[in-house]
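There are 2 protein chains.
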Amino acid sequence: MTFRYANRADLPAIVALLADDEKGKTREEFTDPLPDAYYAAFDAMESQSTEALPNKYLLAMSGDDVVGCLQLTLIAGLSRRGQLRAQIEGVRVSSKVRGQKIGEKLIEQSISVSKSLGAHLVQFTTDKTRKDAHRFYERLGFVASHEGMKMTLD
Amino acid sequence: MTFRYANRADLPAIVALLADDEKGKTREEFTDPLPDAYYAAFDAMESQSTEALPNKYLLAMSGDDVVGCLQLTLIAGLSRRGQLRAQIEGVRVSSKVRGQKIGEKLIEQSISVSKSLGAHLVQFTTDKTRKDAHRFYERLGFVASHEGMKMTLD
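Protein chains in written order, with the working numbering: chain A, 254 to 407; chain B, 254 to 407.
Derived by calculation from the structure, the hints in this document are not laboratory data. Just to be clear, a hint being listed does not mean it is correct.
Given that identical chains are not distinguished, each listed pair holds provided it fits within a single copy or across any two copies.
Claimed, not checked - Each computed DSSO-like pair below joins lysine-lysine, with the alpha-carbon atoms no more than 27 Å apart:
hint, residue 1, residue 2
1, Lys-276, Lys-368
2, Lys-278, Lys-368
3, Lys-384, Lys-278
4, Lys-278, Lys-354
Put together the whole structure using the sequences plus the hints.
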């Protein structure tokens, strides 16, 4: 397995993964062609990415196939003595390759990239109903120390 | 009270607020002059800010005094049909002006700015030990739907 950042041509494969999920199947719209909103969002991510502080999708590749993905966002901030944080979102592994520790390797790769960019903290939120996911992340060393609060604006 | 984005000259006032807090008092280093790390972090925030997608501190001002602050970060992403998110961090109100609903007004201002920039979701994490904060945010309409997971890399 190899890892690389996503480019625009990977969008259909990424949205397919995002939609292949209990929550994602109602939240996403995986059509051919993809809704323009996904391309606009990709361009917005690129517009706020720098080499030092990316906001990009990291892909797990098996040959030419995208078998896993996560969004990795480096966020500069003042708190904790100006500590750089890495934030993860949209973690998915193809249902075709479950049980091969691809999720674990992808998270480890994101931690490794975050360290190399100077981050001292990796964070994300996960829906409280995803109990299996919590056990998975706790095994990898994450601590559920915070409440993740959300407000939809629609 | 007025609101504006912070500039470099506001850093001592912001770090004073970050440090005037149960968690912050051990995490921050409010000295004169400030540690360079805060200035470097401010410059990093500026480097990843665009007009459309800021990563900036929003300040509540009483005349020339900074009486409250929060970090507001707009994060483009693919999930939820390419939904733009706003993220809050480092919310503080000066202990000199508690009870004047400054925290509430500052959060409302951040929501208003987020909406105007096209965000459909506002999110943040708050330490599970901050029970009073949770009630405050739930009153404002936030839902503690997620686990906030963290891993320190040091």
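Exercise. Given a CA cutoff of 27 Å, do Lys-276 and Lys-368 count as a within-copy pair, a between-copy pair, both, or neither?
Worked result: between (30 Å within a copy, 24 Å between copies)
For this session: Classify it for me, Lys-278 with Lys-368: is the Cα-Cα distance of at most 27 Å met within a copy, between copies, both or neither?
Result: between (33 Å within a copy, 26 Å between copies)
Problem set entry | Alpha-carbon proximity context of Lys-278 and Lys-354, limit 27 Å | Within. Shortest intra-copy distance 23 Å satisfies the 27 Å Cα cut-off; inter-copy 40 Å does not.
Problem set entry | Homomeric proximity label, Lys-384 with Lys-278: Cα distance no greater than 27 Å | within (18 Å within a copy, 34 Å between copies)
Violated hints are absent here; each numbered hint is respected by the structure.
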